[in-house]
Every structure is written in structure tokens, then in C-alpha cells.
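Same order as they appear, the protein sequences are chains E and B. Plus 74 on top of the position in the first sequence (first one is 1) and you've got our numbering. Plus 74 on top of the position in the second sequence (first one is 1) and you've got our numbering.
Just so you know, these hints were derived from the structure itself, not from any lab. Don't take every hint at face value.
If several chains are the same, the list does not tell them apart, and a pair holds so long as it fits within one copy or across any two.
Under the rule of at most 30 angstroms between Cα atoms (straight-line distance), these lysine-lysine pairs were calculated in the BS3-like manner [said to hold, decoys possible]: (1) Lys168 / Lys269; (2) Lys93 / Lys220; (3) Lys220 / Lys210; (4) Lys269 / Lys207; (5) Lys210 / Lys269; (6) Lys93 / Lys133; (7) Lys93 / Lys269; (8) Lys207 / Lys133; (9) Lys310 / Lys206; (10) Lys133 / Lys269; (11) Lys206 / Lys269; (12) Lys260 / Lys207; (13) Lys206 / Lys133.
Quick caveat, the model's predicted, so the values are computed rather than measured.
Number of protein chains: 2
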Amino acid sequence: MPSIDVCFSPDLLPLYNLKGKIAIAVDVLRATSSMVTALAHGITHIAPVRQLDECLAYKEQGYLVAAERDGVKADGFDLGNSPFHYQEESVRGKFLAMTTTNGTQAIQLSRAADEVLVGAFLNLGAVADYVKKANKDVVVVCAGWKGLFNLEDTLFAGALAERLEGHFTLDHDATLAAYHLYQTAKADLLGFLSKSSHVQRLERLHILPDIEFCLQEDVYDLVPVLQGDFLLIAQK
Amino acid sequence: MPSIDVCFSPDLLPLYNLKGKIAIAVDVLRATSSMVTALAHGITHIAPVRQLDECLAYKEQGYLVAAERDGVKADGFDLGNSPFHYQEESVRGKFLAMTTTNGTQAIQLSRAADEVLVGAFLNLGAVADYVKKANKDVVVVCAGWKGLFNLEDTLFAGALAERLEGHFTLDHDATLAAYHLYQTAKADLLGFLSKSSHVQRLERLHILPDIEFCLQEDVYDLVPVLQGDFLLIAQK
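All chains should be built: construct the whole structure from the sequences, respecting the hints.
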């Protein structure tokens with residue numbers, strides 16, 4: 075039976091051997107939630123890039139460019155990190171380049187894996203179905219916050235572990251922790267997270283509607299997969 | 075109100091500013107449990123050292139020397155990492171030098187803090203009382219397993235957070251995670267941990283009595299504190 079493991083910080087990723095495995099990069103608030111939303115609403119390609127200048131350079135090639143640093147849209151970019159930005163009719167059919175504080179870094183650092191997927195509560199069931207079919211070991215790569223552990227990405231890992239129970243082994247310590255935390259939190263994810271100083275900091279940016287949106291499970295039935303420089307919708 | 079934060083891996087410690095704070099190094103299975111036990115049973119000084127050869131050099135100075143690597147006693151040393159080794163009458167009054175896979179590293183890496191304490195379930199209440207009196211920010215430094223997150227050190231952090239509730243803020247994400255995991259686990263710590271592949275690996279070393287011993291709360295009313303090169307019992 076394949077296993078599901080969880081890496082709580084990109085800074086710990088050097089300790090994980092990703093070869094032969096599927097990495098699932100997750101930054102629930104809000105990068106990977108926005109990416110899933112963007113692909114669901116007609117963005118066809120997303121280039122996840124690490125640096126602001128690298129991202130801005132895509133603009134000359136006709137891309138929409140999106141950038142977030144410390145929770146707010148960076149100057150000179152078309153879009154920020156809110157999933158609502160990606161539900162507009164105007165984005166349909168466009169290419170997007172995106173850089174965020176944590177999420178795009180986690181994706182790039184996961185490249186040693188056989189496949190890199192993007193996960194969020196919004197596409198939880200689709201990700202679970204995809205990895206069950208692939209039947210390979212999985213590592214959930216939590217973007218965290220500037221290298222620190224965060225609760226919301228951990229809860230996603232726990233939710234995924236629950237969906238994979240019986241098909242994957244859950245006996246890594248990080249997986250068990252995530253699984254049990256999700257059991258405690260799942261009846262009221264927002265209420266659970268609202269005690270967190272990290273989430274309170276996000277709430278002070280007046281993005282509570284974003285947070286509520288990002289905590290919904292199974293809104294979109296698609297899995298973004300990294301192919302070369304781009305995230306595309308995986309073929310079923 | 076001061077805060078309690080939790081660092082899940084020594085590899086993440088560079089992200090924490092320990093200046094002005096109290097660090098509590100914890101390696102429940104078994105280094106810090108053995109250290110607390112040793113001081114309770116009459117060892118007067120413990121030198122926590124990182125390297126095997128550095129530790130062995132203390133033998134010429136008349137120290138007892140203890141070393142564990144990958145869960146077993148290293149060749150040429152007097153003692154291993156079992157708390158039962160330190161309950162013998164023969165250790166009373168001795169100096170001890172000790173190196174372990176994870177625990178002694180966590181102690182040395184915590185030196186940037188104002189004070190470095192050693193915590194375990196065995197002295198949980200004593201540690202809680204000490205930091206309440208000190209009234210400074212606290213960071214629990216989990217030794218983990220070779221840089222990876224582990225459950226038992228996290229549960230200690232959660233137990234300490236519970237004891238400090240009302241006196242310290244618990245709103246860091248790592249602290250909330252540890253706190254909630256302890257709430258889930260506390261009725262049966264051993265049962266909770268027994269699903270972990272990491273703890274199963276320890277059980278295969280036939281140290282189940284060690285594990286049961288180390289999961290007892292409030293057995294010893296003392297706090298080891300690092301003074302120069304030595305852990306000593308803190309003055310009340």
C-alpha cells in the first residue's frame with residue numbers, strides 16, 4: 075500500500091526523498107486555492123515563478139501577471155492572490171504568471187518528485203481520486219508561512235489523509251498529526267482557524283470572504299499538474 | 075502576557091528568534107526524559123555534547139559517558155539512552171557526559187536563548203511552574219527525529235501549553251496544533267502514539283517499558299537548566 079507523508083515546511087523538504095513520488099503543493103490561503111480557481115474559470119496555463127521581476131517579465135509576452143507579498147498585491151501587477159480575481163470573465167483563455175510569498179516557492183521546490191500537483195480544499199476530492207489512481211507514495215508539501223508551520227495547510231493534508239484512508243498508509247508522524255487535527259477541526263474549519271494569530275493577521279487584511287471561499291471542499295473537479303514550466307489541468 | 079511557541083524541528087530553529095526567551099529542549103523518547111531522571115537520581119552535572127568522540131573524551135576526566143545513535147547504545151560507552159540506566163545507586167554523585175541522535179543537538183542549538191531548560195513529561199509541572207515564574211516568552215524546541223516532526227515531542231509541547239493556558243498566549247499555529255493534539259491524545263498517550271511508524275520502530279528495539287515510563291507526567295519536581303557546558307538542577 076502506498077503511503078501519504080506530510081512536509082510541514084519547504085525548509086524541511088531536503089529531508090524528504092521525492093523521487094518516485096507525487097508531491098502535492100498546498101498553500102490554502104491563498105495561492106493554490108487561487109490557482110485551482112483560475113484553471114476552473116478558463117485560465118489555460120499558469121507559470122508559477124519565484125521572483126517578482128521574473129514574473130513581471132511575462133507581461134511582455136501577453137500574460138496576465140499576478141503577485142502577492144505579505145498578503146497584499148504587489149505594485150505593477152494585474153492581479154493579486156484572491157481567488158475572486160480569477161472568477162472574472164476577462165481572464166478566460168489567458169495565460170497567467172504568478173508569484174506568491176509561499177505557494178509558488180513550494181511548487182518549485184517540489185520538482186524532484188515524479189509529478190507535482192497543486193492541492194486546495196476546493197479540489198480535495200479530485201486530488202484524492204488522482205493519487206488513488208496513480209497508486210504512488212504521496213508527499214503533501216505545505217507552503218507554510220515563510221518557512222513556519224501553519225494550520226490551514228496542515229488541515230488540508232489531514233483532509234486528504236482522511237480521503238485516502240484504507241488506500242494509503244497514514245503512519246508517518248506528520249500525517250497522523252494532520253489527520254487528527256482535521257478530525258478536531260472539520261466541523262468548523264473557520265472557527266478552528268480563527269484562534270490562530272496567523273489567520274487573524276490575514277483577517278486584518280479584510281480577506282475574510284477569501285478565507286471562507288478557500289475553506290470549501292470539492293468546489294472544482296480538476297487537478298493542476300506541473301508540466302515543464304506550466305501548471306495545466308491534468309487529463310483524467 | 076508572554077507567549078508559548080513551538081519549533082517542530084531543530085532544522086527550523088533558524089526561523090525563531092530566541093533572544094530574550096526561554097528555550098525548552100524536549101526529546102521525550104528518550105534523551106530529555108533520561109536527563110531529568112539522572113538528575114533526580116543523584117547525577118550532579120550533565121554535559122550534553124553533539125559528537126561521539128567529544129563525549130568519549132570526558133571518560134578520561136572520570137565522567138560516566140552515555141551515547142545513543144539510532145535508538146541503541148553506542149559501542150565503548152557506559153550507558154545508553156534508557157531512563158532506567160539512570161536510576162541505579164551507582165550513578166549517584168557522578169558527572170555525566172551524554173550524546174544522543176536528536177536530544178543533545180536540540181539543546182546545543184537552543185543556546186541563543188536567554189535560558190535553556192530541559193523538558194519531559196516526567197517534569198512537566200516543574201517546567202510549567204518555572205516558566206510561569208520567569209514570565210518570559212517560551213519556545214519549545216522539539217528534537218524530532220533527524221530533523222523530522224515527531225508526535226511525542228509535539229504532545230509534550232501541547233501538554234505544556236495546556237498547563238500555561240491563561241498565563242501565556244497560545245495563538246501561534248504550531249502551539250495550537252500541539253495543544254489540540256494533546257487534547258485528542260491525553261486520555262491514552264501510549265495508545266495514540268502506537269499508530270506511529272516512528273514509535274513502532276522504537277518498540278521493535280524492545281523499549282516499551284522505557285516508552286511507558288517516559289509518558290508519565292509529574293514524576294520528578296525538578297528543572298534541568300543549562301549553565302555553561304552543564305545541565306544542573308535549577309534553583310527554585
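Checked hints:
no. : hint            : in the structure
1   : Lys168 / Lys269 : neither (38 angstroms within a copy, 47 angstroms between copies)
2   : Lys93 / Lys220  : both (25 angstroms within a copy, 19 angstroms between copies)
3   : Lys220 / Lys210 : both (29 angstroms within a copy, 24 angstroms between copies)
4   : Lys269 / Lys207 : between (37 angstroms within a copy, 25 angstroms between copies)
5   : Lys210 / Lys269 : between (36 angstroms within a copy, 21 angstroms between copies)
6   : Lys93 / Lys133  : neither (34 angstroms within a copy, 44 angstroms between copies)
7   : Lys93 / Lys269  : between (37 angstroms within a copy, 26 angstroms between copies)
8   : Lys207 / Lys133 : neither (37 angstroms within a copy, 57 angstroms between copies)
9   : Lys310 / Lys206 : within (12 angstroms within a copy, 56 angstroms between copies)
10  : Lys133 / Lys269 : neither (39 angstroms within a copy, 50 angstroms between copies)
11  : Lys206 / Lys269 : between (34 angstroms within a copy, 22 angstroms between copies)
12  : Lys260 / Lys207 : within (25 angstroms within a copy, 37 angstroms between copies)
13  : Lys206 / Lys133 : neither (38 angstroms within a copy, 55 angstroms between copies)
Checked against the numbered hints above, the structure breaks hints 1, 6, 8, 10, 13 and satisfies the rest.
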